[in-house]
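Enquirer: The residues making up each chain are set out below.
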Amino acid sequence: MDKKALMEIKDLSVTYQTRLGPVSAVDHVSFDIYKGEILGLVGESGCGKSTLGKALLRMIDPPGEISTGEIIFKGEDIMKYDYNKLRNFRGKRASMIFQDPMTSLNPVQRMDEHLIEAIGVHEPGVKRESALKRSKKMIKRLGIGADRLHSYPHQLSGGMRQRVMTGIGLILNANLIIADEATTSLDVIVEAKLMDQLREIREEFGISLLMITHNIALVAEMADRIAVMYAGHMVEIGDIYKIFEHPKHPYTQGLLASVPNIQFDANEELYKMPGEPPNLTHPPKGCRFHPRCPHAMPICSTREPSLLEIEKGWLVNCWLYQKHQD
Amino acid sequence: MNSVETLKQSEDYILELHNIKKYFPVQKSLLEQIFAGRKDFVRAVDDVSLNIRRGEAFGLAGESGSGKTTIGRLSIGLEELTDGSVVFNGIDLASLKKEELRKLRQKMQVIFQDPMASLNPRMTLGSSVMQGLIIHYPELSDQHRDMVAEIFEKVGLTPANYYFNKFPHQISGGQRQRVVIARALITRPDLVLADEPVAMADVSVRALLLDLMVQLKNEFNLTYLFITHDLATAKYICDRIGILYLGKLAEVATVQEVYQKPMHPYTKALLAAIPVPNPRKRRTEVMPAGEIPNPINPPPGCRFHPRCPIAQPDCAVDEPPLVEVEPGHFVACKYAKLS
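The listed protein sequences correspond, in order, to chains D and X.
Per the numbering used here, the first sequence starts with residue -12, numbered consecutively.
Per the numbering used here, the second sequence starts with residue 1042, numbered consecutively.
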């Protein structure tokens, strides 16, 4: 089945200028986000997953910059957008939910004001009453009582705050929602309920959801496809079932084998990956994973592999699956 | 209430908690204090009894605000009890003078979640770890350096001399947690309180740290009180586990029993909510309504009853005691077997 791409990311790099020289937190990454899919983007701290998420909305602040690449959204390259177009794109076409809703919501603004403001900014013609009506409907849809509409952020629980953030994203009918560790600060039961809701919303509104997280089990629970990043590179991307059953990249293999599993008789012994992720000021030469890789070959330490298709819709960035001399 | 005490008396307990309570007063403005006329308390820990066997790894798990960290702090005398008693190695902590408690601390050490916050950024790793020796073993001052080097090797910080003069910011997060573990073990403790010790570590680093903790436990004959919100990680280190809800124990049993045959409806919901890293085993269970209530005015009767799928009318009235339903399996729910 061929899926239509909502967003195509081509050769995207984000570079930070630091005292120790330039650091490419995201290094020549290309992938697509399909219409209506849930794509799980996983990796460890410092692998560049959050930077990549922000870059998709061009939210990289100096000393960082998007140094190369195109971000094609519905046929237009948003890298070429001017300020006004970009502003319209953010919020209306794509929106983001962050880890800590308390820092994303205005502490002295009530919930209804947050939602009405979002409508007011992006749809200036809409009357306040109809904006309020839409806000009420959205809040109800997200399972929050209408009486909560006049609450301030600190009066709501963490789960409710995060649902309001989702509501702000949805009320303008955004096509893409980027959730960056959106449930990490929530307790498991609240997290599970928010996940159920995101799943329903995807069905109902047909949005695409990019889930950025370090929680691999959560991606297994939610996503249609999974993308794995390591040290600024995309190392593997493909169908969730195929990758969980037969991961190809040695990093994906190690990562999945080291995820604790609550069920007995599953993953009784965790895989202990040697070493730690590299410092990106001096990334290893060649494949960035080779110092920790159990299958490293001579070529791995000299030349970088590329992200190539090994099967339809399944891409792996590893010399094991690519032709090479020696 | 004290059904835990009905366990065989012959067992060797390193730590006994008898009906411990900890209420924190709620800060209010002066006006409110005058007019409201009463004080409110956060009941962080409300009548918890527990015995921890020598040599086991006991996990305390629960959501935020369940009181797991407070129980940990009470267990080693870092926090004063509102009521009840804590007995460590047969000694009631409340009977000790400040100086005596300090002496006893060499036998009970702590590992906290954030290694960067637990290490002094201006102290070398070597001198950080040596502090415990200077305080507890001043008579061995000529051997301190060798003892630090030895413990560095044990926690995998090799070569020890290389790490001795480094500062916390010069090493990685995983290595920092190893330094914190080394510092906890250098005084040769019997009990180690580990409060979310691997929560900050990445998955690929976490497995190594857990493995190290298990190894050290065997080598030094340690007892762990392992506090965590992550039940999946607890499975790899704990022998027994206690599930907390709003300052009370809901269920206590071996990890295997709790995970495979959970009885309390809260434990069941909690376990079902944890995602399994297998896309073919996605959750189908419906989650309980609402969120963990305010511990200032907890619901009467069973604290879980407003969210409980099997609640009966009397659950709102009677507080269910923690009873042994099967040998070694304690549950605080009257209707647990019916579900």
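There may be inaccurate statements among the hints.
[Unchecked claim] Derived DSS-like pairs: lysine-lysine, alpha-carbon spacing no greater than 30 Å straight-line: (1) X/1375 to X/1302; (2) X/1258 to D/259; (3) D/259 to X/1195; (4) D/79 to D/22.
[What the hints assert, rightly or not] DEER-style ranges, computed between Cβ atoms: (5) X/1194 to D/262: 27 to 33 Å; (6) D/7 to X/1334: 48 to 54 Å; (7) D/7 to X/1262: 53 to 59 Å; (8) D/119 to X/1065: 37 to 43 Å; (9) D/251 to X/1126: 33 to 39 Å.
No wet-lab data here; the hints were simulated from the structure.
Beta carbons are placed, not taken as given, at the ideal position from N, Cα and C, and that holds for glycine.
Enquirer: Now look at each hint and say whether the structure bears it out.
Expert: Hints, one by one, checked against the model:
1. X/1375 to X/1302: The given pair, whose Cα atoms are some 16 Å apart, holds under the 30 Å limit.
2. X/1258 to D/259: Answer holds: residue 1258 of chain X to residue 259 of chain D is near 18 Å, not above 30 Å.
3. D/259 to X/1195: The hint holds at about 17 Å.
4. D/79 to D/22: The hint holds at about 16 Å.
5. X/1194 to D/262: 27 to 33 Å: Roughly 19 Å apart at Cβ, these two residues miss the hinted range, so it is violated.
6. D/7 to X/1334: 48 to 54 Å: At 49 Å between Cβs, range holds.
7. D/7 to X/1262: 53 to 59 Å: violated (45 Å)
8. D/119 to X/1065: 37 to 43 Å: holds (40 Å)
9. D/251 to X/1126: 33 to 39 Å: holds (36 Å)
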